[in-house]
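4 protein chains.
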Amino acid sequence: MDVTKFKHHYSIRVRNYEIDWQGILHNGNYLLYFEVARVNYFKSIGISIDERLINGIIKIVVVRNEIDYYNSATFDDELTIYTRTAKIGNSSIICEGIMINEKTKMPVAKNVNTMVWLDPRTNTSMTVPEDFRDHVRKFEGSDCDMQTPTIEV
Amino acid sequence: MDVTKFKHHYSIRVRNYEIDWQGILHNGNYLLYFEVARVNYFKSIGISIDERLINGIIKIVVVRNEIDYYNSATFDDELTIYTRTAKIGNSSIICEGIMINEKTKMPVAKNVNTMVWLDPRTNTSMTVPEDFRDHVRKFEGSDCDMQTPTIEV
Amino acid sequence: MDVTKFKHHYSIRVRNYEIDWQGILHNGNYLLYFEVARVNYFKSIGISIDERLINGIIKIVVVRNEIDYYNSATFDDELTIYTRTAKIGNSSIICEGIMINEKTKMPVAKNVNTMVWLDPRTNTSMTVPEDFRDHVRKFEGSDCDMQTPTIEV
Amino acid sequence: MDVTKFKHHYSIRVRNYEIDWQGILHNGNYLLYFEVARVNYFKSIGISIDERLINGIIKIVVVRNEIDYYNSATFDDELTIYTRTAKIGNSSIICEGIMINEKTKMPVAKNVNTMVWLDPRTNTSMTVPEDFRDHVRKFEGSDCDMQTPTIEV
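Residue numbers (the working numbering), protein chains in the order written: chain A, 1 to 153; chain B, 1 to 153; chain C, 1 to 153; chain D, 1 to 153.
Just so you know, these hints were derived from the structure itself, not from any lab. Check before you lean on any hint, since a few could be wrong.
[As the list claims (entries may be wrong)] Pair by pair, the computed Cβ-Cβ distance ranges are: (1) D143(D) <-> V3(A): 27 to 35 Å; (2) E66(D) <-> V3(C): 16 to 24 Å; (3) D2(B) <-> I94(A): 23 to 31 Å; (4) S91(B) <-> I94(A): 55 to 63 Å.
[What the hints assert, rightly or not] In silico BS3-like cross-links for lysine-lysine, where the CA-CA straight-line distance does not exceed 25 Å: (5) K87(A) <-> K7(A); (6) K59(B) <-> K59(D); (7) K59(B) <-> K103(A); (8) K110(A) <-> K59(B).
Each residue gets a CB set at the ideal place from its N, CA and C atoms; glycine is no exception.
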């Protein structure tokens with residue numbers, strides 16, 4: 001699985017209580033892992049979304065998740081999760097994640113996650129804030145931003 | 001959202017510890033809810049998969065999940081989850097789920113879940129067992145089964 | 001196990017994803033179950049704590065939990081949780097919970113939970129609000145309240 | 001809080017989805033954190049209990065948990081958990097855990113956990129295996145083992 005486009009990675013070790021009755025990482029935990037990595041990704045590029053989310057100053061909701069599961073993981077496996085922003089639209093952002101098992105170097109899962117900014121007062125979608133766009137553009141390049149202004153020459 | 005094709009539903013009440021720092025049901029719980037409903041769906045059509053899964057006699061793994069989130073849910077909301085089998089392939093099965101908020105009657109989320117049967121000895125895909133097909137065909141009709149034998153006349 | 005002092009009960013069915021690699025309900029879920037039952041207990045006696053907690057108007061924190069595990073539970077078991085307030089002190093409340101397996105009628109676990117009211121502005125303990133005391137006294141009798149005023153004759 | 005008796009520690013960073021509607025680490029996660037640290041403690045002293053647990057060769061169940069909560073933790077806090085074996089009885093073992101917030105150096109919580117060995121065939125308690133005792137004695141010293149043979153001179 002090609003991770004060359006990804007500049008951020010985060011490691012998670014599978015915990016005992018996340019193992020299910022089949023002896024493998026329960027499928028519900030993958031979304032949580034991808035989210036933990038994504039939150040860390042945003043933090044690492046200068047976007048701290050936690051306090052403003054808790055206080056209701058900004059409101060970002062997940063509107064779609066796709067997960068493909070390639071190989072199971074089990075207790076104590078170290079998983080590296082690669083995260084990147086694939087696209088910023090008007091009011092939405094699409095992030096991709098790839099999970100690799102460090103022991104086997106095999107892909108474990110892939111995630112495509114779409115989030116939408118909501119106006120906290122009206123609960124309707126709003127334009128992705130400019131400072132957020134800036135941080136992502138600086139890290140990922142401007143290709144991912146559908147609203148990147150055309151530079152006139 | 002059209003639930004007329006769905007013959008099974010299951011109710012879940014949102015628990016306090018499932019509410020996140022934004023005051024809404026955390027997105028990771030939706031997959032768990034859909035799964036709880038799906039396990040109940042299989043049980044209700046005569047397929048008890050629990051003990052054979054625990055003992056490793058059968059091995060069924062999730063290979064893909066899609067979730068669309070339409071409206072957030074919050075503490076104590078009663079959610080009705082409609083589940084059906086959309087398709088049985090050679091070694092895979094696709095289930096659909098729709099979640100409705102009983103208070104607002106609004107759709108909350110939709111799930112498309114693909115599972116694959118693995119041979120427990122080789123971990124390679126195997127044909128969906130005939131008794132499993134039978135139970136699903138009886139409940140859903142034979143349209144969903146790609147291997148339903150053509151009835152010759 | 002004697003549940004005669006308990007006037008409230010709540011039922012929970014064990015979900016598949018709560019089963020651990022030993023094939024039994026993971027020990028971490030018991031606390032969650034007792035809490036779900038306790039939140040329902042408070043709701044049923046007229047105390048709705050959810051919105052005020054989310055909005056930070058009141059702040060109640062758990063300061064101690066004891067759990068004794070008597071018998072394991074497994075998938076699809078129906079557990080009945082009995083909850084009562086054992087004692088209201090100046091700024092704290094002690095609740096007891098007993099969990100019974102409906103299939104075997106055997107006790108599964110027991111919980112003693114202590115919570116403390118905090119002043120949201122200072123994060124220091126404050127007196128349990130009078131309206132809260134009233135609701136509990138009405139349901140449990142005044143024996144549990146260490147501050148119940150002596151009725152003079 | 002005195003951690004001088006503890007020779008093992010393990011770090012956990014609080015994840016976003018573990019934060020509750022009050023904006024703090026939900027009380028149910030503490031038990032999970034203490035367990036993750038304890039499993040790592042056993043691994044680090046040479047006791048790998050995972051596969052034998054999954055395969056049902058050994059059966060160890062939690063019979064009691066006590067948690068005292070001293071200070072709340074929140075998103076992204078780094079918590080260090082100190083773990084030690086306090087006592088090995090005939091068929092039981094008592095472990096202690098102390099959780100410290102690395103940012104504030106304040107104690108967050110304390111756990112006393114009692115586990116019992118069960119004979120997998122009969123589900124009745126059995127003597128703690130000698131190889132397990134040996135590993136613990138070597139790491140903790142023989143004081144913790146109630147069955148440490150008196151060395152005759």
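Quick rundown of the hints versus the structure:
| no. | hint | in the structure |
| --- | --- | --- |
| 1 | D143(D) <-> V3(A): 27 to 35 Å | 50 Å, violated |
| 2 | E66(D) <-> V3(C): 16 to 24 Å | 23 Å, holds |
| 3 | D2(B) <-> I94(A): 23 to 31 Å | 27 Å, holds |
| 4 | S91(B) <-> I94(A): 55 to 63 Å | 31 Å, violated |
| 5 | K87(A) <-> K7(A) | 15 Å, holds |
| 6 | K59(B) <-> K59(D) | 23 Å, holds |
| 7 | K59(B) <-> K103(A) | 23 Å, holds |
| 8 | K110(A) <-> K59(B) | 21 Å, holds |
When the structure is compared with the earlier hints, violations turn up for hints 1 and 4 and for no others.
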